[in-house]
Amino acid sequence: MAKSVSENVLSPMTRGTEQRDAYLKGLIQTVKGGVPADLALSELRSRAEVLLKEQTFPHTRQEDWRFTDLSSMLDIAFACADGDQPVAAAIEALRLPETAGAQVVVVNGQVKPDLSQLDGLPQGAVVGSLRALQDHPIWLEKLAQRLGRASGHHEVFTALNTIGFQDAVVVWLPPNGVMETPLQIIYGAEAADTPVLAQPRCLVVAEPSSALTLIEDYWGNASTAYFTNAVTEIWLEANAQVTHSRLQREGSGTFHMAKTVVTQARDSQYIGTAVDLGAKLARHNWEIYQTGEQTTTQLYGLGAITATQHADTHSLVALSHPYGTVGQVHKAIVDDKAHSVFNGRMVVAQKAQETNASQLNRNLLLSDKARVDTKPQLEIVADNVKCAHGATVSQLQADEIFYLQSRGISASQAQRLLIYAFAMEMLETIPVATLRSRLTDAISEWASA
Amino acid sequence: MINHNSKTILSVRDLHATVDGTEILKGLNLEVKAGEIHAIMGLNGSGKSTFSKVLAGHPDYKVTAGEIHFKGQDMLELEPHERATAGVFLAFQYPLEIPGVSNRDFLRVAYNAHRKGRGEDEIDVFDFDDLIEEKLDVVKMDASFLDRSVNEGFSGGEKKRNEILQMALLEPILAILDETDSGLDIDALKTVAGGVNQLATPDNAVVLITHYQRLLNYIQPDYVHVMADGRIVTTGDKSLAHELEARGYEWIMDEHRAEVSA
Numbered sequence: 003m004a005k006s007v008s009e010n011v012l013s014p015m016t017r018g019t020e021q022r023d024a025y026l027k028g029l030i031q032t033v034k035g036g037v038p039a040d041l042a043l044s045e046l047r048s049r050a051e052v053l054l055k056e057q058t059f060p061h062t063r064q065e066d067w068r069f070t071d072l073s074s075m076l077d078i079a080f081a082c083a084d085g086d087q088p089v090a091a092a093i094e095a096l097r098l099p100e101t102a103g104a105q106v107v108v109v110n111g112q113v114k115p116d117l118s119q120l121d122g123l124p125q126g127a128v129v130g131s132l133r134a135l136q137d138h139p140i141w142l143e144k145l146a147q148r149l150g151r152a153s154g155h156h157e158v159f160t161a162l163n164t165i166g167f168q169d170a171v172v173v174w175l176p177p178n179g180v181m182e183t184p185l186q187i188i189y190g191a192e193a194a195d196t197p198v199l200a201q202p203r204c205l206v207v208a209e210p211s212s213a214l215t216l217i218e219d220y221w222g223n224a225s226t227a228y229f230t231n232a233v234t235e236i237w238l239e240a241n242a243q244v245t246h247s248r249l250q251r252e253g254s255g256t257f258h259m260a261k262t263v264v265t266q267a268r269d270s271q272y273i274g275t276a277v278d279l280g281a282k283l284a285r286h287n288w289e290i291y292q293t294g295e296q297t298t299t300q301l302y303g304l305g306a307i308t309a310t311q312h313a314d315t316h317s318l319v320a321l322s323h324p325y326g327t328v329g330q331v332h333k334a335i336v337d338d339k340a341h342s343v344f345n346g347r348m349v350v351a352q353k354a355q356e357t358n359a360s361q362l363n364r365n366l367l368l369s370d371k372a373r374v375d376t377k378p379q380l381e382i383v384a385d386n387v388k389c390a391h392g393a394t395v396s397q398l399q400a401d402e403i404f405y406l407q408s409r410g411i412s413a414s415q416a417q418r419l420l421i422y423a424f425a426m427e428m429l430e431t432i433p434v435a436t437l438r439s440r441l442t443d444a445i446s447e448w449a450s451a
Numbered sequence: 039m040i041n042h043n044s045k046t047i048l049s050v051r052d053l054h055a056t057v058d059g060t061e062i063l064k065g066l067n068l069e070v071k072a073g074e075i076h077a078i079m080g081l082n083g084s085g086k087s088t089f090s091k092v093l094a095g096h097p098d099y100k101v102t103a104g105e106i107h108f109k110g111q112d113m114l115e116l117e118p119h120e121r122a123t124a125g126v127f128l129a130f131q132y133p134l135e136i137p138g139v140s141n142r143d144f145l146r147v148a149y150n151a152h153r154k155g156r157g158e159d160e161i162d163v164f165d166f167d168d169l170i171e172e173k174l175d176v177v178k179m180d181a182s183f184l185d186r187s188v189n190e191g192f193s194g195g196e197k198k199r200n201e202i203l204q205m206a207l208l209e210p211i212l213a214i215l216d217e218t219d220s221g222l223d224i225d226a227l228k229t230v231a232g233g234v235n236q237l238a239t240p241d242n243a244v245v246l247i248t249h250y251q252r253l254l255n256y257i258q259p260d261y262v263h264v265m266a267d268g269r270i271v272t273t274g275d276k277s278l279a280h281e282l283e284a285r286g287y288e289w290i291m292d293e294h295r296a297e298v299s300a
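Keeping their order, the protein sequence lines are chains A and B.
Just add 2 to wherever you are in the first sequence, counting from 1, and you've got my numbering.
Just add 38 to wherever you are in the second sequence, counting from 1, and you've got my numbering.
Derived by calculation from the structure, the hints in this document are not laboratory data.
As the structure is a computational prediction, the values presented were derived from the model and not from experiment.
Ideal Cβ positions, reconstructed from N, Cα and C, are used throughout, including at glycine.
A few of these clues could be false.
[Unchecked claim] Restraint ranges, calculated between C-beta atoms of paired labels, are given here: (1) Pro97/B x Arg148/A: 58 to 68 Å; (2) Pro97/B x Glu20/A: 51 to 61 Å; (3) Glu158/B x Pro433/A: 31 to 41 Å.
Between the sequences and the hints, there should be enough to build the whole structure, so can you do that?
In structure tokens:
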């Protein structure tokens with residue numbers, strides 16, 4: 003016989019909802035408390051706060067978060083990270099010879115001019131901190147039109163970043179400005195004794211016909227709880243070209259939430275490679291919005307995760323103009339009990355005729371307990387388009403290993419070689435040789451562990 | 039070339055092997071000496087390919103009885119890669135494609151694994167490139183093959199030539215060619231056979247597993263064996279191959295059955 007439930011005892015689901023609402027409110031208060039007095043940006047921030055009013059902390063009953071469970075964060079009270087933490091030598095080791103004279107260092111979300119090297123910039127290019135730029139009224143006006151203005155800014159972690167980021171890296175290329183030296187932004191996450199939260203922010207504006215190679219390097223040493231909530235907005239104006247490499251090598255205790263949003267005007271070209279090796283739980287929302295015709299977009303992704311790591315890539319390419327080209331290849335290597343998620347959404351609107359799109363997701367499972375969830379999501383309204391997509395999940399093939407063994411290569415070396423081969427196709431898209439070879443070494447080392 | 043004073047390279051005694059619990063090899067005996075070329079012929083399902091895989095150490099094939107000695111050493115104790123570095127080479131009937139691994143890297147890693155197995159230092163990329171260019175001539179392969187993924191998108195003939203290239207590079211003591219001639223056009227067959235002939239020396243040995251007598255017009259075997267029902271039932275010289283071509287296998291099968299029931 004069922005008994006009626008006492009009214010003041012809430013069901014687990016209701017309790018979960020209340021807990022999540024309260025947790026998000028707490029995060030908002032925390033990041034608001036960390037806003038520097040000299041970087042109020044009150045209009046931008048209050049607009050973002052309004053957007054969060056209607057939202058709750060993500061949970062797995064939301065379609066976008068079905069496979070990525072953030073509930074373990076609910077027990078952790080994060081405080082704002084201290085930007086004055088000493089910098090680990092490991093961050094120094096990340097500097098690439100190819101980027102000398104074009105390096106920005108960010109520690110715990112705060113831009114460090116003293117650690118940055120910016121003497122190799124072309125005429126008219128601006129690279130630096132938002133704090134330094136905002137004193138110029140002309141810049142304040144230009145920035146207001148771009149910062150926080152990209153589509154998708156209402157998403158919960160994006161809005162949270164906007165409410166509370168403590169500084170931002172600003173990269174602004176003038177028309178026809180070509181950065182011959184690749185720009186490297188190093189985001190160091192320095193752990194503290196207690197759980198901390200850092201919100202790196204970056205704004206890149208490539209004015210018409212400019213060209214830039216950008217490296218974003220997220221590195222951390224936190225084996226205890228750390229929360230990185232990063233947002234990078236990239237604007238490509240007409241005919242601009244940006245080649246972007248994004249590396250995530252955060253510490254084993256880190257929750258890494260990230261948004262990369264790219265807005266492409268006509269005739270522009272964006273080539274991005276995202277590599278996820280670190281973090282306890284990583285989520286990368288990678289969104290491309292086309293705002294003019296004949297844009298080219300290439301997205302390459304590689305994840306290599308093990309133990310109980312979780313890596314989730316949610317990409318969105320939204321096409322609304324004709325003659326666009328989009329290619330995407332996302333690969334994941336998943337060992338032990340790790341869990342990889344790929345959701346690749348492509349939206350081809352009625353106006354986006356003559357679009358040529360392809361998407362491929364390949365997964366390599368190295369253990370019986372590893373898990374992959376993959377979901378291609380093609381929404382095509384236009385009728386004169388080419389769209390191909392595919393997803394594969396496989397294990398190392400015993401016959402391939404035997405073939406290599408029969409040529410004198412040991413089983414373990416054969417396994418390493420095959421993992422390396424699987425990954426190399428993605429790493430080869432990284433345009434900076436030293437970085438490519440360092441990541442190649444990192445993958446080889448990963449495969450031997 | 040038969041020289042009765044030559045050292046024994048391969049000695050197989052009463053070999054029994056199963057795959058998925060089914061016995062395929064049922065008491066196979068074979069003796070191969072240095073300098074010799076042996077052809078093993080037989081109908082589909084007679085166990086020819088199983089024999090080659092057992093020699094190379096494929097994990098799906100279980101040896102349940104018998105012995106294999108390679109240069110006096112118990113081969114069944116060796117892992118597949120140890121057999122390879124000791125000097126056993128299997129040219130695959132269906133060479134595997136390995137996307138993402140360049141042929142050049144694959145060959146270098148394999149070559150260096152052999153050097154390591156012999157206790158020699160690995161050679162560097164540049165010395166290796168010189169070496170491999172030389173070997174390409176053996177199979178008349180274009181250098182552009184080196185920069186493609188292993189066997190990926192290769193035609194059947196290119197895959198087989200690539201196997202012989204590996205043989206040329208690794209210089210095995212015992213080369214087992216598993217139906218390397220099947221499906222080859224005549225030009226590719228000549229190239230492959232020419233490669234094998236160049237590589238055969240008085241110090242090594244070749245075992246050709248084949249379905250067709252045609253290959254033996256280009257590579258002269260010292261012995262021709264016929265396999266049936268998991269063992270070698272008849273051995274002769276190359277005239278046996280011609281006889282098989284003319285008369286088929288049925289007469290041998292009949293003799294074998296008569297022998298078994300006698």
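Range hint 31 to 41 Å: satisfied by the CB atoms of glutamate 158/B and proline 433/A? Taking Cβ atoms as reference, glutamate 158/B and proline 433/A lie about 38 Å apart, which means the hint holds.
Taking the Cβ atom of proline 97/B and the Cβ atom of glutamate 20/A, is their distance within the range 51 to 61 Å? The hint (51 to 61 Å, Cβ to Cβ) holds, given that proline 97/B and glutamate 20/A are roughly 56 Å apart.
Confirm or reject the claim that proline 97/B and arginine 148/A have a C-beta distance inside 58 to 68 Å. holds (59 Å)
Consistency note: the structure conflicts with none of the earlier hints.
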